[in-house]
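Participant: One-letter residues, chain by chain:
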Amino acid sequence: MKSGRQLEEPPSLHDLYRDHAPTLFSIALRLLGSQDDAADVVHDVFLRLHEKPPGDGVDDLGRWLRGAAVRRCWMQLRTAGRRREVREVSANDYASPPSWEHGVDLLHLERGIARLPTKLRVVLVLHHVEGYTHAEIGELLDISTAASEKRLSRAVESLRTYLEGP
Amino acid sequence: MERHVTRRTLRRSTTGAGDLSIAQVEHATHCISCARQLAWYEQLRAATSALPALAPPNVVGVGNSTLAFPAVGDEGDREMPDRASRGMSVRTIVRAAAVLIGVSAVLVPFASNRASAGSSELRFVGPVVAGAGVSVVYAPTMALADEDSVVVRARFRAAGDRRYDSTLPVAQAGILRRDEDGRFLGGLAIPESAVYGLFAVESVDAQRIDTNFGALFEVLVENPHGARHSLQQKVNDLLDRSWEVAVETQRAITRRFPEDPRAWQDLFALEQEVVSALQLDSLKATHRVRLHSLDEAVGPAPGGDAAGAMFWYARLTGDEALEQKWLDLLVDQYPGHPRAVEQRTIQVGVAADNDRDLLTGLEELWADVGPAHNYLGQSAVFAALRLEDPDLFRVWSDRYLITRPEASLWVARQFLGLAGLEDQGLRRLETGLIAMSDDERRPLDLTRRAFEASRAPVKAAVHLAISKALRRTDESGSSTHLARAIDLDQSSSAYRELADRQIERGSIDLALASLSEAAADPASQITVDTAVAVLGPSLDRAIWQGALEEAGQRRRDRIEQTALRTPLPLDLRLSDDLGRRHELVDLLGGGVSVLAYWSPFCGPALEALPQIEALAKRLVPSGGRVILVTSEPRSPAAGTALRERGLDLETYYDESRELTKTLEQFGTPAFHVLDGDGNLWFRDVSLDEAEGKAAVVTASVDGW
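First to last, the protein sequences are chains G and W.
If you read the first sequence in numbering that gives the first Met the number 0, its first letter stands for residue 0, the second for the next number, and so on.
If you read the second sequence in numbering that gives the first Met the number 0, its first letter stands for residue 0, the second for the next number, and so on.
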């Protein structure tokens with residue numbers, strides 16, 4: 000006897016793309032700083048989903064997709080080397096433009112994040128923006144939990160310097 | 000003993016790496032320093048977690064800015080896989096695969112609506128949609144920070160607007176008020192027809208402008224025509240502002256529309272302006288491959304735009320066989336397309352034996368296609384002018400103005416010289432003079448004062464023309480207009496007119512002074528014999544010579560103030576007809592030279608050739624010369640164009656485009672004045688100014 004869940008029509012790839020691609024794009028763009036590269040990562044992830052879907056053990060597909068996107072981004076950042084152009088973020092990069100919240104100009108904050116060194120930025124985005132724990136970040140990036148904590152600490156310090164100005 | 004919480008502990012606490020001890024928490028409750036530190040980290044953590052999602056660009060689709068991932072089968076600006084698979088990039092293959100597996104039409108990002116850089120920022124709150132309003136927040140530069148309110152001026156472009164269109168109005172889009180935080184808030188109205196907008200923020204008195212370091216603030220407008228038009232208009236607007244950004248934008252268009260020949264043709268045309276000589280050959284080879292793949296892909300009836308683009312793409316890449324193939328197809332299948340009309344106009348000109356024949360041929364062409372391309376009207380207008388035929392000129396100038404409304408003042412001035420059209424010309428000039436000061440004609444980056452200064456020579460010419468016309472008809476106001484012309488721009492022709500009137504009144508001394516001011520401009524060609532003829536045989540030549548030298552010095556001082564004196568690179572080379580390379584310094588020959596840029600495919604440049612030849616002859620006595628340069632590929636077309644006109648001119652080719660890029664040269668005809676050592680003194684001067692400025696360089700160069 001099949002469970003109710005199994006009887007439901009599985010979502011099509013098109014539906015999954017519609018539901019998850021914007022989120023993946025946002026993560027990838029924050030990590031990579033390039034719209035082109037972010038779009039490529041999103042498509043890579045969905046191609047992989049199509050060709051090699053995750054096993055039955057995965058019950059949160061959204062999380063699986065985000066993890067796959069982060070890993071792809073990380074691979075790309077590691078192979079791209081040290082050179083990276085800092086892309087200026089503008090209000091038009093958002094579906095809902097950011098405003099001042101918690102006493103911080105969010106657009107200014109976004110620009111500060113974009114300027115962080117890659118290793119620090121990735122950890123800060125994953126921890127503060129995407130809500131990953133240090134343990135999860137360590138697993139995703141193949142680094143220790145302590146390294147993740149240290150990088151976040153340095154990222155916050157750099158960000159503070161940027162936000163408070165010279 | 001109670002101690003401050005260390006920054007490290009605070010950081011560990013707020014980064015989730017460790018907790019504060021009870022003692023530390025208690026300490027922070029009454030220690031202002033620690034409380035502030037703690038609050039700051041909490042604030043940052045809250046703010047980062049509140050960051051909204053970054054979205055794909057919001058100009059995809061219509062009406063819904065978040066519709067960035069259109070569904071399969073949606074029509075519109077969807078990128079298609081490259082049918083011509085040669086040269087297909089990995090990225091393209093991945094995207095093509097994504098389409099094939101039905102994921103979606105593929106998101107191809109392009110430069111987003113960028114409205115900020117540097118210290119100030121103009122931020123759009125919400126989507127920018129044609130026909131709607133949008134709220135903006137402006138963080139000011141220091142120069143505007145103390146204002147209570149600022150004005151946002153805008154130039155909006157509609158789908159189909161031309162490049163370099165000086166008639167596009169600039170209008171006030173909104174007024175922003177300063178809030179307590181020092182930011183300026185308000186709303187802007189986006190016109191229904193807008194696909195692209197460019198903005199500057201200025202003080203209410205228009206004397207201080209934030210131009211965003213010259214880049215201005217821009218936005219791609221969501222519109223019913225699609226993102227293609229927004230991007231195209233962005234490129235069109237960028238051409239006289241930033242070649243590099245224009246190229247980047249055009250590349251984005253090719254990524255988005257890889258099957259569109261127009262996109263590739265435009266890209267190569269733009270790339271030539273920014274790449275180095277070393278890159279140019281390989282770039283051309285790459286584009287030839289693209290040209291051939293497009294040639295196979297577009298099919299025999301691709302539409303006029305595509306056919307015109309294929310023809311021009313083939314010409315740019317030097318593929319003569321494909322150029323001829325697509326020209327024939329263009330003219331045969333799409334005879335009314337602007338590109339076809341331009342070529343048909345050239346063909347009529349080549350076939351005509353005289354101006355009457357030319358006008359007959361152009362009349363037939365007009366009956367067939369109407370105002371499809373400005374070159375048709377322009378060719379006819381010049382022919383009618385050469386024939387001094389008022390009726391033909393009136394008819395053709397009205398037609399010409401349909402495609403070139405910015406030529407209205409020039410047309411009006413020609414009316415004044417043609418029998419029976421003087422009154423109409425005078426009325427048109429007076430109307431034009433009033434319109435010339437319209438604030439909507441003021442460029443975004445010019446203060447009101449700078450705008451007035453930039454318009455001075457044109458206004459002076461109009462005042463002079465009106466003055467002369469009023470004098471002929473004995474109407475009042477003539478002297479006022481003449482005085483205004485001299486006040487605005489001390490031109491030779493205005494001083495000459497003044498001298499004539501002073502002689503009429505018997506004021507010979509005053510006339511001598513005025514005539515010497517006029518003669519100080521070598522382009523006036525006023526010699527001592529002319530002075531004797533005008534002022535009378537009793538003219539003391541020594542007095543004349545003294546007055547002339549003083550006037551000449553004043554004129555040189557005036558012009559020298561605007562001189563650049565920029566050394567050009569020493570290794571710039573040009574090729575001759577046979578492909579031999581010459582260093583620019585050798586071509587200059589130690590004398591002052593006017594670099595005259597032309598193109599065998601540019602109507603106005605072809606029209607100017609006889610005047611260029613005359614200028615070359617006039618420069619010889621002073622050791623100067625004209626160097627005729629084209630940045631078109633070396634081909635028989637240039638030599639043919641010169642021979643057909645019986646001109647004693649030799650052209651050089653800037654095959655590497657190094658000189659062209661160094662001069663930031665675009666469009667023909669264009670003129671630049673250099674001294675014999677290769678220093679650029681004056682860039683982009685008019686043909687009328689070139690001789691006078693060359694003389695200033697000749698006189699000044701020894702003392703520099």
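Please keep in mind that the hints were generated in silico from the structure rather than gathered at the bench.
You may find that some hints are simply not true.
Said to hold, decoys possible - Here are some, though not all, of the chain G residues that point toward chain W, as calculated from beta-carbon distances under 8 Å: (1) Pro21; (2) Arg29; (3) Thr160.
Even for Gly, the Cβ is constructed at its ideal location relative to N, Cα and C.
Participant: Can threonine 160 of chain G be said to touch chain W, with a Cβ gap under 8 Å?
Facilitator: 12 Å, violated
Participant: Does the interface hint hold: is proline 21 of chain G within less than 8 Å of chain W, judged Cβ to Cβ?
Facilitator: 7 Å, holds
Participant: Against chain W, is arginine 29 of chain G within 8 Å by beta-carbon distance?
Facilitator: 6 Å, holds
Of the hints listed earlier, the one the structure fails to meet is number 3.
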